[in-house]
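Participant: Spelled out, the chains give:
2 protein chains.
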Amino acid sequence: MKEYYLKKADENLPELIYEKIRIASEARELFRGDSIVLDLGDYYVGRFSFVLGYKDMYLDAPVRLCIKFCETKEEIDTDFSTYHGALCASWLQEEIINIDMIGEYKMLRRYAARYIKISVVYTPRILTLSDFVFTSETSADVSSVEKLEIDDLELCLIDKVARNTLKNCMHRVFEDGPKRDRRLWASDFRLQALTNHYTFKNSALVRRCLYLFAAADRSEDGFLPAYLYENPNFFSGTWYLRDFALNYVNALSDYYMHIGDSETFLDIYPVVKEMMEAFAAEIDENGILVTEKQGNIFIDWQGELKKTASLQGVYLYTLEKLSSALARLGHEDAELYNSRYESAKTAALRHLYNANENNFANAYDEYQVNIHSVVWMILGGVVSGEGAWEMLLRVMNDEKCPKIVTPYMNHYLVEAMMKLGKEKEAMEHIKSFWGLMVKQGADAFYEVFVPGHPEVSPYLDPMINSMCHAWSCTPSYFIRKQAQGHL
Amino acid sequence: MKEYYLKKADENLPELIYEKIRIASEARELFRGDSIVLDLGDYYVGRFSFVLGYKDMYLDAPVRLCIKFCETKEEIDTDFSTYHGALCASWLQEEIINIDMIGEYKMLRRYAARYIKISVVYTPRILTLSDFVFTSETSADVSSVEKLEIDDLELCLIDKVARNTLKNCMHRVFEDGPKRDRRLWASDFRLQALTNHYTFKNSALVRRCLYLFAAADRSEDGFLPAYLYENPNFFSGTWYLRDFALNYVNALSDYYMHIGDSETFLDIYPVVKEMMEAFAAEIDENGILVTEKQGNIFIDWQGELKKTASLQGVYLYTLEKLSSALARLGHEDAELYNSRYESAKTAALRHLYNANENNFANAYDEYQVNIHSVVWMILGGVVSGEGAWEMLLRVMNDEKCPKIVTPYMNHYLVEAMMKLGKEKEAMEHIKSFWGLMVKQGADAFYEVFVPGHPEVSPYLDPMINSMCHAWSCTPSYFIRKQAQGHL
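Protein sequence lines correspond, in order, to chains A and B.
Numbering of the first sequence is given in numbering that gives the first Met the number 0, commencing with residue 0 and proceeding in unit increments.
Numbering of the second sequence is given in numbering that gives the first Met the number 0, commencing with residue 0 and proceeding in unit increments.
Please keep in mind that the hints were generated in silico from the structure rather than gathered at the bench.
Among the hints, a few may not be true.
Identical chains blur together in the list; that is why a pair holds if it fits in one copy or across any two.
Here are the simulated lysine-lysine pairs, DSS-like style, with alpha carbons at most 30 Å apart [stated by the list, open to error]:
(1) Lys105 / Lys116
(2) Lys19 / Lys105
(3) Lys54 / Lys1
(4) Lys7 / Lys54
(5) Lys105 / Lys6
(6) Lys430 / Lys418
(7) Lys54 / Lys6
(8) Lys54 / Lys292
Required output: the full structure, derived from the provided sequences and hints.
Facilitator: Have a look at this one:
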């Protein structure tokens, strides 16, 4: 089947859409040591070209330039040589190029940038640079986006930045970050696809990514990888995060519910069905999903977090969506997952819910109280209504609780609020979290955002953080879904 | 006429000949900080490609490599960051490249190298490098070279290195040096064309260069520039060296004498004729060619050198060759230049020759005794026979005389010896000068070679010296001309 799935993925390879951004600038005269900063006016992903010339005398030696692509204004003056993070420094977008001839020079690699800094390392004489063109590329068709008919200007602005985030992560696949990572991650993909259904409507790209994961090599115990590579070669990831695997299933259910394409759903369903058996095999005697290694659960970049309750919530959430999709199809397996859902919910109430404290401090999680468990227990349908809302507010206001760190987990917090009917509060949270990035000048939403703490990085150096990141694009989903009255 | 000359130059643009040099090597496994050195087995000019792969795990970040192209073995361990020379450091062949994808990577620029050093600056995991291919390019067709039928193995080896030097300087034009400069210089071109007539026989390339200079903008006082650029745009040089301008005339005369192509000669002759009038205008009341600025005479990279006698010699040499070519054509101007030759020779004997000392210590040259004057007075026919030979030996053995520095001036020294019938001594000089480079491991002949003084550089740092240089290729001319019994 792998070959078949890859063939189907190839059939859905999108055409990229190109746009030339001509950077208004006079020809600049520069000598050794000089530098200029170009402003693209917005955040784009693509390729850069310019014209090298000379002022008075033909350049009698090659010209060496240092060209730095900056996602944000702050990055312009960052000294990459001081980088000390955990990820490979090669992600830092800086090139040293030697140009032999005057005329147009096209840089071949793809970059993600709002600003471009060009420094002259060596030149024999005064050179000129002109005709700066950044050719953006994306598989997001901006003309497919419907006008957002709401009066709230702040939400409109947040929607604009969220769409820009998604657009710049849409290429041959839904990329994680166009500067750094660029691979297809299951949980990011699920959120991108969800937002795409409400914005660019590139269903072929979603289909492609669904097929790519279907083609991936599963772990010995039957789980799909959290990520994969597909360019130039297909290569399955080797990290098997349980919540990511479940979110792949959610992406498939979402796709069918939005697009109604039963053929693709049924094409891929056997892979999902097999994997759901692998999940069933990890259910313990209490009915709780327990994976041997805690490192196989993500939930959030929150080192202190205990994750059993959260994972159980993701599992419930997935079972419910899958069962619903199958029910809509009239598929006999709908009941199978529905019955597993009921068992897992009962188990959660019995073994994860702490009736004494009215929270989810449980033995599996060393009785830790945290926001994440409550969010996922709401999304999993274990708790609901005003009681759940009060519980959520209580843990959010509890200073001792491990905090939500990623925009990714913030998405599920908002989704939980929405599920409880707290639309106003959900929109307020979007404003206070994503809206704050916009107020601080974001052109796209960041991978990591902890208000007041720009130094935070899961990679030990914020230089390497991605400033346009897949999992941060979902405000457009919420805002547009609400505007359509679908809630 | 400029347009016409450029059109003719274009018509003679050579096809480049490519050869793939596959560097025998196992796939190399490398991590950050590792480096490898590849040996091409000989000196080549061309483009480099290789295949990037991974050992166990897909590379999840770009790979940053530093790739250094070395003309010589010594250059491998040279630290370019310590460069302090006068020419632009961008000539130093070192690239920092970022590679996003596994597979074949083709470097686009052209390099001149015997060795290639690859260092891994950043990689996320162990990478592999394999399938190293250097695709050499030249407009020299090695199959056109006749077998050299001589028994002297040392001369055969010198001829081999000299041919390699010329071959690697032959591209769209006769380049000065394939690493550094790459432009068309008149005096270098003249020596290259001369050697080409006896080796690769690419007369179209000679024709192209003759037309290119014919198209050049002359100085206000009527002189052709010493150099020009032609790629991507035609651009006339702005340095008007008198001896270089005369050597352009010599290149045209040589071309006609070797190829017999009167059409091209007569096409270009009007340019030469006009310029010879400019020379005539610089003749002073004594009949000596005197240019206002001494900086407009090259002769040799010898800062102490006084150059009037030498330049007069170049002028005489040029008049004689031009007159001979015109005479062979039956052109009426033959007599004009012959008569100027006789006047200039008489003037040299009267005002430059020092009868008391039997040398060329003269008032114009502040009574400096130097080898260069003697060489050029021999080549100009002012002195000849055993008397001239003794004079030459005397100045060569005079410790106080400014020494010959460049292979270029060494060429004319050998030519002077040949003219005096001292073939054996000339060949000995070739062995002691060029042969010493071969003994020291040269794959091509250097721009600068002062035995025992590798630190010598006209640019204040030997790092920037060209180790394969146009004007050093002429041993093949002498050796093959002698082997053909043409002397």
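Participant: Next, verify each hint and record whether it holds.
Facilitator: Verification of the supplied hints:
In this assembly of identical chains, the alpha carbons of Lys105 and Lys116 lie at most 30 Å apart whether taken from the same copy (16 Å) or from different copies (26 Å). For a Cα distance limit of 30 Å, the shortest separation of Lys19 from Lys105 qualifies both inside one copy, at 13 Å, and across copies, at 26 Å. Taking the closest pair of Cα atoms, Lys54 and Lys1 come within 30 Å of each other only across two copies (23 Å); inside a single copy the shortest separation is 58 Å, beyond that limit. When the C-alpha separation of Lys7 and Lys54 is checked against a cutoff of 30 Å, the pair qualifies only between copies, where the shortest distance is 29 Å, while the shortest distance within a copy is 54 Å.
With identical chains, the CA atoms of Lys105 and Lys6 are at most 30 Å apart between copies only, with a shortest distance of 29 Å across copies and 33 Å within one. Within a single copy, Lys430 and Lys418 get their C-alpha atoms as close as 18 Å, which meets the 30 Å cut-off; across copies the closest is 92 Å, which misses it. With identical chains, the CA atoms of Lys54 and Lys6 are at most 30 Å apart between copies only, with a shortest distance of 27 Å across copies and 53 Å within one. In this assembly of identical chains, the alpha carbons of Lys54 and Lys292 lie at most 30 Å apart only when taken from different copies (26 Å versus 64 Å within one copy).
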